[in-house]
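K.L.:
Residue-level listing of the chains:
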Amino acid sequence: MTTLAFISTADPLARPGSIFSAENRLHLSVVLTLLLLLLYSHPYWYVNLPLSILAIASLIFPVLSTSRVTWAAVTAIIVLGSLENWYALDNHKYLLGYWCLALLCFFASKCDPTRLATTARALIVLVFGFAVLQKTLSGDFLDSSFIHYELLLDERFHGLARYLGGVPDHLVELNVSARAALVSFDSDLEAVALRSMRMLEPVARAITWGTYGIELLIALAFLSPRSGLLGKNRDVLLLSFLLTTYLLAPVIGFGWVLAIMGIAQTADDRVRTRGAYVAAFLLLQSYRVPWGEAWSAIARMTQGGGA
Amino acid sequence: MHWIAPLVLCAIGLNQLVLVHASALSRWKGGGFGMFATVDSPGARFLRIYLVTESGRIPTTIPTSLRDASRELRTLPTAEHATELARKLAAGTWVYVRMQSPVAYYTEIAGLPRRASRARTELTDEGGSSTDEIDFRRLGFVRMLESGESVGPGDERVDFSAVQVEVLGYRFDRASTTLVARPLIDARAPLEQTEAMQ
Numbered sequence: 001m002t003t004l005a006f007i008s009t010a011d012p013l014a015r016p017g018s019i020f021s022a023e024n025r026l027h028l029s030v031v032l033t034l035l036l037l038l039l040y041s042h043p044y045w046y047v048n049l050p051l052s053i054l055a056i057a058s059l060i061f062p063v064l065s066t067s068r069v070t071w072a073a074v075t076a077i078i079v080l081g082s083l084e085n086w087y088a089l090d091n092h093k094y095l096l097g098y099w100c101l102a103l104l105c106f107f108a109s110k111c112d113p114t115r116l117a118t119t120a121r122a123l124i125v126l127v128f129g130f131a132v133l134q135k136t137l138s139g140d141f142l143d144s145s146f147i148h149y150e151l152l153l154d155e156r157f158h159g160l161a162r163y164l165g166g167v168p169d170h171l172v173e174l175n176v177s178a179r180a181a182l183v184s185f186d187s188d189l190e191a192v193a194l195r196s197m198r199m200l201e202p203v204a205r206a207i208t209w210g211t212y213g214i215e216l217l218i219a220l221a222f223l224s225p226r227s228g229l230l231g232k233n234r235d236v237l238l239l240s241f242l243l244t245t246y247l248l249a250p251v252i253g254f255g256w257v258l259a260i261m262g263i264a265q266t267a268d269d270r271v272r273t274r275g276a277y278v279a280a281f282l283l284l285q286s287y288r289v290p291w292g293e294a295w296s297a298i299a300r301m302t303q304g305g306g307a
Numbered sequence: 308m309h310w311i312a313p314l315v316l317c318a319i320g321l322n323q324l325v326l327v328h329a330s331a332l333s334r335w336k337g338g339g340f341g342m343f344a345t346v347d348s349p350g351a352r353f354l355r356i357y358l359v360t361e362s363g364r365i366p367t368t369i370p371t372s373l374r375d376a377s378r379e380l381r382t383l384p385t386a387e388h389a390t391e392l393a394r395k396l397a398a399g400t401w402v403y404v405r406m407q408s409p410v411a412y413y414t415e416i417a418g419l420p421r422r423a424s425r426a427r428t429e430l431t432d433e434g435g436s437s438t439d440e441i442d443f444r445r446l447g448f449v450r451m452l453e454s455g456e457s458v459g460p461g462d463e464r465v466d467f468s469a470v471q472v473e474v475l476g477y478r479f480d481r482a483s484t485t486l487v488a489r490p491l492i493d494a495r496a497p498l499e500q501t502e503a504m505q
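Keeping their order, the protein sequence lines are chains H and U.
When the letters of the first sequence are read in order and numbered with this note's numbering, they come out as residues 1 to 307.
When the letters of the second sequence are read in order and numbered with this note's numbering, they come out as residues 308 to 505.
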């Protein structure tokens, strides 16, 4: 209590009424979830339209945002909409469904915030646990084949391949054309050779082990008690993941649902941590800027100006 | 109650792992959080579709109306899904592809006299192609008519006896930096008598 009192007077973020205060943690999680439902809920119109209407109504009439009926409807719409298209949905659409189910269970039961925090923690552990398990079992991740392939062919990695791996633009075009030739409807090719650069190997290895390492650490950190070394740093790890991973692969909806669950599991006195999660929530929006194109344009302008 | 959501995640995730091993479900899909874990995404799987004719196989693309079925097949390539897709393709009406300018299309369906194109006509040859109508018949480009489309006066149907659907996937060989295709499923559906009589 003494600590809380000290924080509430010394830190404006912790003052009663602040959106980051412990008393508003649930409100913050719910409002951000409603924004997520409004902007990144589902690719199918018959799912995202009713979800958008429910989200807007709940933002206008806050009483709806804490109603079990609202969250039951949201969960039911997501589940029914996902059943038909389960094979096409990205994993974060499933995660959004689990989080809405967690909110439904919370509002339908005793509304104990510590229980919602436990649920959020468990979901984070499971998401990263499954991600690590899949990478371990896949057979082409740990030897860095997958990241090497992504650097050669995924448009989102071309900037890295170009600047760190020394892959020139004409090789990128050649590789993309080779893949297109292999999968073309009239192709009888059985294999196509891609062009790589020797410098790309260590880059692929570093990204592979960096990704695997941080995902494993996040799973362990959220599994560990908060008092331990890993547990103390769990939020730093998750925030680092959010700020780095989605810079390369800007799946904003995934980043947002992880940030929301991050907020929901924070301890009462972690006001600045909640502030950091909200900052990450906002910053992820800037990742939608096509930075590769922007840098290329700046480079062209600079070269043009120099000439 | 607060364990319900994590338990559902576990159940779906474990089911996904079983499907990955038993039915070649792509790790990227199905709620197992296997995105960015392997090259073997649905995008690394592809279809080769052929109309089987007396003079050989004509390769073709998936019609727009069957793209969802194609995506499902690439994500979970089972013999049942492949055969079902082949049946749907065999039940369709296939014509040789023609490209027409809006003027040529309008005059054809309205039954108006054909107007000479004002564009340059160097493309015109013995096959009858011009810049307002390019005939791909000799190149063997075919397409399935979509729902609501009928065979036009200038269309020529494709005579075929069966449709073959091959599902392939590629892996990345890091040592040789090569994409190597491998067959996953091969299905064939004969043209049904009722369809052939249409």
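In short, the hints are calculated from the structure, not lab data.
There's no promise every hint is true.
[To be verified] Listed next, the in silico SDA-like pairs over lysine to any residue satisfying Cα-Cα at most 25 angstroms (straight line):
#1 H:Lys232 to H:Leu26
#2 U:Lys395 to H:Ala88
#3 U:Lys395 to H:Lys232
#4 U:Lys395 to H:Leu26
K.L.:
Does each hint fit the structure? Answer for all of them.
P.N.:
We went through each hint and held it up to the structure:
no.: 1; hint: H:Lys232 to H:Leu26; in the structure: holds, 22 angstroms
no.: 2; hint: U:Lys395 to H:Ala88; in the structure: holds, 20 angstroms
no.: 3; hint: U:Lys395 to H:Lys232; in the structure: violated, 57 angstroms
no.: 4; hint: U:Lys395 to H:Leu26; in the structure: violated, 51 angstroms
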